[in-house]
Amino acid sequence: MSRPILVTGLGTVGAYGCGAESLRRALAAADPLSHLSEVDRSAGYHRAHGARRAFLLGSAGLGEWLAPGEARRMSPPSKLAVAAARMALRCAGLAGGDGEGEAMAPTAVTLATAFGPSSFSEALLRQLLCEGPESTSPFYFTESVANAPAAQIALLCRARGPNVTVCQREAGQLIALGQAAAGVAAGKVPRALAGAVEEMTPLLHALLDRFGALAAPSPAGAEMARPFDRRRDGFVAAEGSTLVVLEPEEIALARGARPLARVLVWGSAFDPTAPRTGWGSGGGRLARALLRSLERAGLAIGAVDRIVSGASGAVEGDRLEAGFLRAAWGARPLPPVLVPKATVGEYGGGFLGAAVLAAAGAPFGPTPGFTEPDPGLGIVPHDGAVLPPPSTVLVTSLAAGGAAAWLVLGAPRP
Amino acid sequence: MSGLGWGVAPLWEGLRTGRSAIGPFHRFDHRLHRTHVAAEAGDAPEDLARTPGWDRLSVADRFAVAAAVEAVRQAGLPLPFDEDLAAEVGVFFGSSTGGMWEAEGFFRDFLIQRRRARLRRLASHQVNAPGDALARHLGVTGPVSTVSSACASGALALGAALEALRSGAVEVALAGGADSLCQLTYAGFNALRSVDESPCRPFRAGRAGLSIGEGSAVLVLEPLQRLLDRGAAPLALLAGAGASCDAHHMTAPDPSGTGAAAALEAALRDAGLDPAEIDFVNAHGTGTPLNDAAEWSALQRVFGARAAGLPVTATKALVGHLLGSAGAIEAVATVLCLRHGELHPVPSGEPAETETETLPVALVLDRPLPLPMARAAVSTSLAFGGSNAALVFSRWPAP
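One line per chain: the protein sequences are A and B, in this order. Counting from 1, one number per residue, gives the positions in the first sequence under our numbering. Counting from 1001, one number per residue, gives the positions in the second sequence under our numbering.
Any given hint could be a false lead.
Estimated spans, in silico, between C-beta atoms of each pair [claimed, not checked]:
hint, chain 1, residue 1, chain 2, residue 2, range
1, B, ARG1120, A, ASP383, 52 to 60 Å
2, A, ARG3, B, ASP1047, 45 to 53 Å
3, A, GLY58, B, ILE1112, 30 to 38 Å
Calculated from the structure, these hints are not laboratory results. We put the beta carbon where it would ideally sit given N, CA and C, even for glycine.
Build the full structure now, drawing on both the sequences and the hints.
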């Protein structure tokens, strides 16, 4: 970053509840089974012995953040994103979450989504293909576009800065935060809202199951993500939204904001060995790209004292992640590796929120589901021991299809 | 590539002669749809269709790969990339629907005859698939990111590429977009009653909506000095980019043009240019009554009294609306106009009998307008959800 950028607000909604404090409690408790929900499998498209559960919102109330008259014009992900944006703004001490007004006008919005508004896209396709093209609903169409949630944030928060939606699967949320922070650092806008949103419909869940991406239940119990574990068999899908407020340090501190983290570096790369729906074998090259981006920022890999890994329990994804991290560190021992997707699942931004909380020094419980190290990976994630607050946190996310992204977050200055 | 053909040469030939590619199309059975015209790209040339793995790519992926290969070859960069170059190249792409056309085939089977539904038809359905496909095809190992901000995606992707080049994150950027015709967008825009039953007529009397197109465009962007050092010359300079959001309505533009003007002004600031230094505009110009009127308001805000005399073209009148790729192909058209010193026309078409008035835009009609001394131009993209983007290109060498 050409100048220090601070994370001054965090809003999040997921199966763990509403707000950063709910996420903080979930990460400390490390008990993902307590917020797993049964997915509607009545469409009959899941594999017979495939995934049954996901991190769903259920009846999580957004009433405090979204008036019924606003919500009726929105797809599910638009509702989640607007609620998370308002939480983030309130957390940052900007507006009251609903006041916004002209002061918010120059705010940029950069939001990532892997699949877009799935339920409305499905509804539109059903109308189109079953009832005919003239039956398609203009409302569904308007809210089926990938940028609908970002546009709704702009509308309701009066954010008139650049409005960008990033779609890059699992890497999208870090790319979104990185691009937004770079825009703020370059002086394009005085602040940005950045983050991710996802909804998990029964059909999307079934399709991920059919692609073999999801963890399956075992005779012993419900599915678990098991990142870096020898028995891992996929990730657990999630829905939700997380947004952060990004501001230049001098502006944030001048108005008395209490920062959660500093954005020090961001970067991304691509692994062309990856198939369209899976992970490749280019961990070494990705590690060299990471090291180059750190070098450009004048940061040594040895300065990183915490890793928030994007490992999700995906068989090949975790293999690539392990190879990437081990290649980056070489002969050095890795710092403690936190793996929040074991608790919050894949998609929906819980991972991004966890990364910010990690930089802020939040305690993490033991990595759920990890009991048998995979000797081929050589990574043992965090065991729940009390850790000192970190100073420099590497956050990684390697996407199916080949994209990879990383952030380096610094602890807020005392 | 677009309805005017595969490659830059047929694109320019079609643009400068004002030949519209909008007409009957065959991608899908549209008898039950409200309208029956689009700008469909024809079949790929045989040499491209023999590319290994071509059959496994979605239509949008094929567009992206073909455009990228042509752009890289024209830039004189070696193919395949060696390892060092591959690490310095980034891909910045825009797409609105990715492989939706193929996904519709899956869903049709899934809903009607489930046993026939094949998952492989979904392998490229995501909007990041075209950008990933070209990165995979060229062996790119630098950053790859896809913007999906509806009709502003392509222009926003070029803006992201410009930032990445300036920051030193990449040495070379492949920036553009790709989208293919599909029923979802065709029916969706028709549901909004935003599609003209005839080829679209941006800014013209009787304009009644957009025409959907398909295709891809990719620009190779490099820092000027790097380009000169390797003995090459630029086609034009991407001088600046700007973006904004109306925050007004999900589908309707702010009629005051304030948001679009903010994007234009930001792009001019970024380029270090005064509005007086802009010699023509490649307008978003969809042909919808509200959008064109709002864009005219924006041009008046930015260019003041000059607006009425400032030459304007609207590439969509010839290739249709390429959605997530629109900003990219219009950037290519703008570069070609600067390079050739003439502004491509739009067809004047038949006189229309509707209440929509012609806007007082200095639209170039039927024949190209010679502009041999044109110094710089802007290209605008105004999207669903109020997302606006503008790009400023300047001529190289300066006239």
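Each hint tested on the structure:
no.	hint	result
1	B:ARG1120 with A:ASP383: 52 to 60 Å	violated (41 Å)
2	A:ARG3 with B:ASP1047: 45 to 53 Å	holds (49 Å)
3	A:GLY58 with B:ILE1112: 30 to 38 Å	holds (32 Å)
In this structure, the one hint that does not hold is number 1.
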